[in-house]
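Enquirer: For this one, chain A is given, so just place chains B, C, D, E, F, G and H on it according to the hints.
There are 8 protein chains.
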Amino acid sequence: MNPEDIRQLLEGVKKGKVPIDAAVERLKTLPFEDIGFATLDHHRSLRKGFPEVIWGEGKTSSQITMIIKKMLNKNYPVLVTRVDARKAACIKKSIPNITYHPLSRTLTSGKIPKTEKGTILVVSAGTSDIPVAEEALITATIMGNKVDHLYDVGVAGIHRLFEKKDKLLSASVLIVVAGMEGALPSVIGGLVDKPVIAVPTSIGYGTGFGGIAALLSMLNTCASGIAVVNIDNGFGAGYIASLINRV
Amino acid sequence: MNPEDIRQLLEGVKKGKVPIDAAVERLKTLPFEDIGFATLDHHRSLRKGFPEVIWGEGKTSSQITMIIKKMLNKNYPVLVTRVDARKAACIKKSIPNITYHPLSRTLTSGKIPKTEKGTILVVSAGTSDIPVAEEALITATIMGNKVDHLYDVGVAGIHRLFEKKDKLLSASVLIVVAGMEGALPSVIGGLVDKPVIAVPTSIGYGTGFGGIAALLSMLNTCASGIAVVNIDNGFGAGYIASLINRV
Amino acid sequence: MNPEDIRQLLEGVKKGKVPIDAAVERLKTLPFEDIGFATLDHHRSLRKGFPEVIWGEGKTSSQITMIIKKMLNKNYPVLVTRVDARKAACIKKSIPNITYHPLSRTLTSGKIPKTEKGTILVVSAGTSDIPVAEEALITATIMGNKVDHLYDVGVAGIHRLFEKKDKLLSASVLIVVAGMEGALPSVIGGLVDKPVIAVPTSIGYGTGFGGIAALLSMLNTCASGIAVVNIDNGFGAGYIASLINRV
Amino acid sequence: MNPEDIRQLLEGVKKGKVPIDAAVERLKTLPFEDIGFATLDHHRSLRKGFPEVIWGEGKTSSQITMIIKKMLNKNYPVLVTRVDARKAACIKKSIPNITYHPLSRTLTSGKIPKTEKGTILVVSAGTSDIPVAEEALITATIMGNKVDHLYDVGVAGIHRLFEKKDKLLSASVLIVVAGMEGALPSVIGGLVDKPVIAVPTSIGYGTGFGGIAALLSMLNTCASGIAVVNIDNGFGAGYIASLINRV
Amino acid sequence: MNPEDIRQLLEGVKKGKVPIDAAVERLKTLPFEDIGFATLDHHRSLRKGFPEVIWGEGKTSSQITMIIKKMLNKNYPVLVTRVDARKAACIKKSIPNITYHPLSRTLTSGKIPKTEKGTILVVSAGTSDIPVAEEALITATIMGNKVDHLYDVGVAGIHRLFEKKDKLLSASVLIVVAGMEGALPSVIGGLVDKPVIAVPTSIGYGTGFGGIAALLSMLNTCASGIAVVNIDNGFGAGYIASLINRV
Amino acid sequence: MNPEDIRQLLEGVKKGKVPIDAAVERLKTLPFEDIGFATLDHHRSLRKGFPEVIWGEGKTSSQITMIIKKMLNKNYPVLVTRVDARKAACIKKSIPNITYHPLSRTLTSGKIPKTEKGTILVVSAGTSDIPVAEEALITATIMGNKVDHLYDVGVAGIHRLFEKKDKLLSASVLIVVAGMEGALPSVIGGLVDKPVIAVPTSIGYGTGFGGIAALLSMLNTCASGIAVVNIDNGFGAGYIASLINRV
Amino acid sequence: MNPEDIRQLLEGVKKGKVPIDAAVERLKTLPFEDIGFATLDHHRSLRKGFPEVIWGEGKTSSQITMIIKKMLNKNYPVLVTRVDARKAACIKKSIPNITYHPLSRTLTSGKIPKTEKGTILVVSAGTSDIPVAEEALITATIMGNKVDHLYDVGVAGIHRLFEKKDKLLSASVLIVVAGMEGALPSVIGGLVDKPVIAVPTSIGYGTGFGGIAALLSMLNTCASGIAVVNIDNGFGAGYIASLINRV
Amino acid sequence: MNPEDIRQLLEGVKKGKVPIDAAVERLKTLPFEDIGFATLDHHRSLRKGFPEVIWGEGKTSSQITMIIKKMLNKNYPVLVTRVDARKAACIKKSIPNITYHPLSRTLTSGKIPKTEKGTILVVSAGTSDIPVAEEALITATIMGNKVDHLYDVGVAGIHRLFEKKDKLLSASVLIVVAGMEGALPSVIGGLVDKPVIAVPTSIGYGTGFGGIAALLSMLNTCASGIAVVNIDNGFGAGYIASLINRV
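Protein chains in written order, with this note's numbering: chain A, 13 to 259; chain B, 13 to 259; chain C, 13 to 259; chain D, 13 to 259; chain E, 13 to 259; chain F, 13 to 259; chain G, 13 to 259; chain H, 13 to 259.
Among the hints, a few may not be true.
Residues on chain D that point at chain B, a partial pick, calculated with CB under 7 angstroms [claimed, not checked]:
no., residue
1, Asn242
2, Ile243
3, Asp244
If you anchor each label on the Cβ, the simulated ranges turn out as follows [as the list claims (entries may be wrong)]:
no., chain 1, residue 1, chain 2, residue 2, range
4, D, Asp160, F, Lys82, 25 to 35 angstroms
5, F, Leu181, E, Gly70, 52 to 62 angstroms
6, G, Leu115, A, Lys176, 38 to 48 angstroms
7, C, Leu115, A, Leu84, 24 to 34 angstroms
8, B, Pro114, H, Gly70, 31 to 41 angstroms
9, G, Asp96, E, Ala101, 24 to 34 angstroms
10, H, Asp96, B, Arg98, 17 to 27 angstroms
11, D, Glu69, B, Arg98, 19 to 29 angstroms
12, C, Gln75, E, Thr131, 29 to 39 angstroms
13, G, Lys104, A, Ala97, 20 to 30 angstroms
14, E, Gly70, G, Thr131, 25 to 35 angstroms
15, C, Gln75, F, Lys82, 50 to 60 angstroms
16, G, Thr131, A, Arg98, 46 to 56 angstroms
Since the hints were derived computationally from the structure, they do not count as laboratory data.
Glycine included, C-beta positions come from ideal geometry on N, C-alpha and C.
Next comes chain A alone, as it looks inside the complex (with noise of 0.2 angstroms):
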């Protein structure tokens, strides 16, 4: 509701055409509904091919089924992460258009226009950080992005990522994905001039300590040009992508 807005309501109250009771009404909840400028913006992205998400995680499949057939009325385009295959199985039986992308334990739905912007690349160390490489590159393709690919690169056999050296400057934003040392990001985001989202994951032992050292990795890069979020967050990764690649 705009100043523009404000002032027709005003000239119909004078002109006696809205009654005060109601014109007080619209105003009074005025605040809020302004307030709420981002979640309509946010609402405004949806219709655009955003999707609402839903952490599966510790949800039950009903529940699930149940938060999936509302947002699919509404005609919202839908992914769920941390969904594994057996509640996805479950969820399948009550919605058969769903997909299910087993590697990422993603389930989504829905139609989401393409933009005809740059790629989003993915890339992983080890074949171990796939299923979080995944949940990124799921997360940027619903959210219609062009995505590509480069997996299992790390910095300990660094010719096999040079090879794809076009792949890498192609690119318009990349998300790096890796656990153990967490080196790949510092040395990718010495080679391009892109933006770079790094993802720590919790792959490795010992003092890996869940992703922390890669982390640590991340947050200390010597590189330009990077940022960080939360170890396992391959959604997050996604979506800020997304973002970028909007900008």
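Expert: Only chains B, C, D, E, F, G and H this time, still in chain A's reference frame:
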């Protein structure tokens, strides 16, 4: 040096126009020139107005002076971070045209072509966070961005933030700087639909652990669209925000 | 036993009404009776409607049943925390009148006199924080308080919080429960001028460290009027909020 | 601005007494005025005698002087924390009527209406904890509370504590300040039935970790009715204790 | 083998009574026999009634059975720690005379000569700490000490402790076992003038960090005369208390 | 005041020899006198030659001087720890008879009756650990023990330790002081059958974490008969070793 | 591809023997072939008997079977780590000639040429450390080394170690595996003048922190000539020891 | 003293050539001489050119001077680490022939026989890591190795590293020194097939935690053939690299 270049060189060799020794010399360094694609690209960036950044901490004023002079000779823009007032005064004796920004403790110099892209908005939670915020602001400025700022709008008096909704909503990229509990990026991330780069600061005491509390807060945000850089790393935030603004 | 009591005992001794042996016996335990002031006072509290709380975790259902029965015999109100549904069913077989609250995983029983004091408002950031919030709510309820709640109003969609400003402003004491980045108490602490008890929850993953991130956030709040209890300690928050509401 | 205010404004518009432009202007800022409820309420608190608190650390004496003068002009009570003796002397040259409390390193000024509520008792474990205890005491005093204290009654000589049971039992709210192993709040929490605000201090060495040992002790207390503030945060404890004493 | 022994051996060589080969053989192992003083002494201890202790965790019941049998053959007393009820039942099938202590999860067997030294008193803060306390008690018992115990006398109800002052004051060595905030050793250390061995337990949740909070509390005690063993190390406490009781 | 004392007092009252007011006054303080048993006992200890210990760090030389004088007036032995040479010189101007021990940075004074008990042996791993070792030695000395020491016998050159086996084996109690990896107590604990008090020191760098590495080493020792005090807590080790030597 | 190769290729082009297209193709991949020097070298190593190592944890038995078969086809030696007995049995059904080592939980296969270099000695502190020690031993064996071992010679009974001085002194490289306090590498490092690779294990409890205590001990060793690998990383130790043995 | 020596001594005794007293004296110290095998061997090493290393930090210049003189008298080579320029100047006044290396802050003196073994290559990631790298280099040099270095080749500009592949591939042992994210050893470990000793440095800020981030990176490396020494421990790296180079 792309395949076409190689082909022309080889044809030069075949036709006797290029002596074999010269071609060997040219090709011998091919790997590193080519691997150096990032470097060349980086150099190109520099010529487009990106600064060669000098970390001033732990360097003497004469060391800094020497590096700056070398860069100015090549007409590079210059950004020196973490320079205290005393060192800056020393350096200005030898290089009077350089500008010292006391709030961000940075030195800058050189011509920077402005771009006509969106605005990078730097937000800080408290007044004590301003030095880090200013380092981000100066970095984004010298990298050719339109910038704006919004300081002292922490979550403990959240109405101060809401009064500035226009600034928040019109930015292309947001840098949000906060110490103590580091909650501001989460609140802003819930209001806008643009990428937010969060910068924890070492401001606080006791269990703030020199910025760890703020860092953890930002990594664990319940809002989407947020990525994090290292504690007090204003420069890093300004740099990736600039890369994002160019996407 | 105050000085007047001692004087009367001594006069009884002097007058020969109290045999010396009886007086010695009476005085011999004086220190501990007296040190026991807290205990007596505590017992008084219990008679005024405060529960003897039983920590259910690590106890078998038959152990819990035995303790409850002993307390019910004395007409004490009963609160058992951390009881899963299976144990609760077991216990209800022996004690059918006890009530199980599945959300908070608590068992309660007994008559609790209501007070006419202010309202304790329990606020939770996410739906996953509700079990801890409910433990606080049940505790405050059985301790004789008016209670209300406001769930799922986290900082990432802060308009949901503002729509409920009446509830926030009319509470006497607020319990604010949040996991992940734990920012909600800071925002609420900036809005109200009543004491806020913050409860970090172990909800989250990666660098949430089982609630440490939220705990640090709350300890380092930039808002005034906030104190913190242990991670997931809904009972502790409900208990101190009740003490505060009786001040 | 409540619904009745809006109705009157609209009637003014309808009757032509209020020009539409003026009404638009008035209504346009409505959201933020209204969101600002907390602020207004906060300001009201200030007028009722609550200090605007200034964190003195990291500010120069001239900066502090400037802020104090601005506050004194509005007749606000003033509390400045973390001011060393040298700075205080400097400030007193410009503002002679301000009082410096060397133990708590605070400056205070202004009239504070006393309330007739219960007493806030500040207890400290060791003599080294007194500066933090005094910061709490001064804060509670300037916020209009009756205060009392009990210093150097740590658990290693627990009879010193028991000799003062009257003070302990007659307080409305207790602030318990302890470094090292931080056990005192647990002992006191077991003796009284009033809310206890525990303040860990950075006193100690080795594995005290600058107050972490005491903080963990307090968070993990086996006593009920205890909540904790940040390490060395005497001000925070005094503030929430004051809010509690007003409930 | 002292110098006198060597001299006699040499004289035997000189006089031809000891063949050179035999003397070489005897002297060749001298270093290790001598270094082995600890071992011999250790064996002596064993013969005096000290158990060879077996850490049961991670060993199968048949492995444990085999080791016990080997020790029983040599008439050694036996102590096996960390044995669950199922394993114990298994072992008792082969070795019926061994005793299982379910509270401490230990197995014991063999003759132990009693000493007429002072009493080792084992104190525990909560009922959940009893398993660790019992491990200490059983260890001290099998090592030939008079033992006594005092359970569930935590600091939150400190009068329970004071009622037992006679036990506290008459012990020669005290083992104090506590989880959560671990404050009990500090209080007891302030009451008695005997050595106190403090044992933190992993009892608690959230920021108890599996016993770290209690450990730090005990290391940072403001009382004198306290030393600490590892978390849940009841055996270690019982062992050193026994050494102390023999001094 | 034991039951017999009470009986006599009561008989005095009965016979009219003791006025009731006087008896009330006497009995009123009974709890605290009695609770004070530890205190009285502690005072008795002091008269038997135990020092009242003063922690010198953070106290001015005039504050320390004042406390010492008060103690000397009562003929107490005096031990002041953590006093640097400058402060000590200052104090000696007022109290010339006090002795300063520069290695341990302690001041001692007063008569101490020697006991004929066993020897306390203080062992240190490196030369840098000697100040902490000396603090333990001085403490044990002033508390009336025979003491001996063995310095610079760390595990990296373990033959230095074995050359002194007689000292190791003849001690009643051992205090073992070590920084860096803190392995020495484990080795010694495997050689002797007497209680070992381990003292980690903050000597080392990098991941020594100011003594944490040594502390963890000592807590996790595979040897039996070892307990640990706080980092650099030479006094605490000397104190408990003295209590042990008196058992 | 060295300069001489390039020269010959160019001469081929000049003389018309090499078509330009073929030369372009050849030179286009030059950078990566050349960067690939490590890879080629690595492959060469493999052919010389170095295993391609497969991390078995988190892989299904059919995945592992597939990878092994592919490697056996190329006649590579095979090493699979972290394979439990159940998986191993499964794999052996398809590949009967592979050997399962239950202690180290490894599978090995293939011909390995022995070298005539020095011996790698694997030492373990406790019996619980043997699985990690065996992983190191198997790795060093399959990489063509002479190996020997010395188990259960922890510092708490150090004479067991000294009895084996010949083994210690005759090794070329030592791998020392220890959990708990991790002191064994320091003692051995002080005895030998050969490189020692220290492996912390996750054996222990409480403050062992899953191997952190042992790791810190080893990093902070006062002995020279010691370097450390990750917790439980037997393979890593065996691998670098093999590289050292080939120097 | 081997069995043959003993036999000869005994025969001397038998034949009366060696008096019994002299033989007793000789044999009495046998254990320690023999245990001292490490020591003797160590002394032998010293005579072969290995330095007796002096840790200069925390020692006064006169203390260092005294130790150096004692060593020079025995013609030992000398290495003093952690000596600042001021101390060094002081020491050189008394011992003019000693050499100060300002970059590594070391003093060296004495004759060192060169070996004809392979080269130790010291690599550093950044210019700030050079002091630690130089400490390693100086150590390896004085221990008689051929050394080379490669500085400022961090992963953010990885082409700088590749340009030096010849140096990398021709080294026998590599020492890789890196702060910040510590990724360089992983990259180099993937390129070479020689042992890599990784040295984390305390270079960096914020979450670098004084070298912890780099240390964790190195421990969790995905490359094989890497072991790690303590933070900033250039000497330790140089020492073990020298032992490796002698294998």
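Enquirer: Hints first: check each against the structure and report whether it holds.
Expert: Results of checking the hints against the structure:
Because the closest C-beta pair between Asn242/D and chain B is about 4 angstroms apart, less than 7 angstroms, the hint holds. Given hint, Ile243/D at the interface with chain B, holds; its Cβ is 3 angstroms from that chain's nearest Cβ, closer than 7 angstroms. A least Cβ separation of about 6 angstroms between Asp244/D and chain B falls short of the 7 angstroms threshold, and the interface hint therefore holds. Between Asp160/D and Lys82/F the C-beta distance comes to about 27 angstroms, which sits within the given range of 25 to 35 angstroms.
The supplied range of 52 to 62 angstroms is broken by Leu181/F and Gly70/E, whose beta-carbon atoms lie about 34 angstroms from each other. Range check, Leu115/G to Lys176/A: Cβ separation about 41 angstroms, and the 38 to 48 angstroms hint holds. About 28 angstroms separates the C-beta atoms of Leu115/C and Leu84/A, a value consistent with the hinted range of 24 to 34 angstroms. Taking the beta carbon of each, Pro114/B and Gly70/H are about 38 angstroms apart, inside 31 to 41 angstroms as hinted.
Checking the proposed 24 to 34 angstroms range against Asp96/G and Ala101/E shows it holds: the Cβ atoms sit about 26 angstroms from each other. A hinted range of 17 to 27 angstroms holds for the C-beta pair Asp96/H and Arg98/B, which are about 22 angstroms apart. About 22 angstroms separates the C-beta atoms of Glu69/D and Arg98/B, a value consistent with the hinted range of 19 to 29 angstroms. Distance hint check for Gln75/C and Thr131/E: the Cβ-Cβ separation is about 31 angstroms, which falls inside the suggested range of 29 to 39 angstroms.
At roughly 28 angstroms, the beta-carbon separation of Lys104/G and Ala97/A lies within the given 20 to 30 angstroms, and the hint holds. In this structure the hint that Gly70/E and Thr131/G lie 25 to 35 angstroms apart at CB holds, the actual value being about 30 angstroms. Taken as a hint, the range 50 to 60 angstroms holds for the pair Gln75/C and Lys82/F, whose Cβ atoms sit roughly 55 angstroms apart. The beta-carbon spacing between Thr131/G and Arg98/A, approximately 52 angstroms, falls within the hinted interval of 46 to 56 angstroms.
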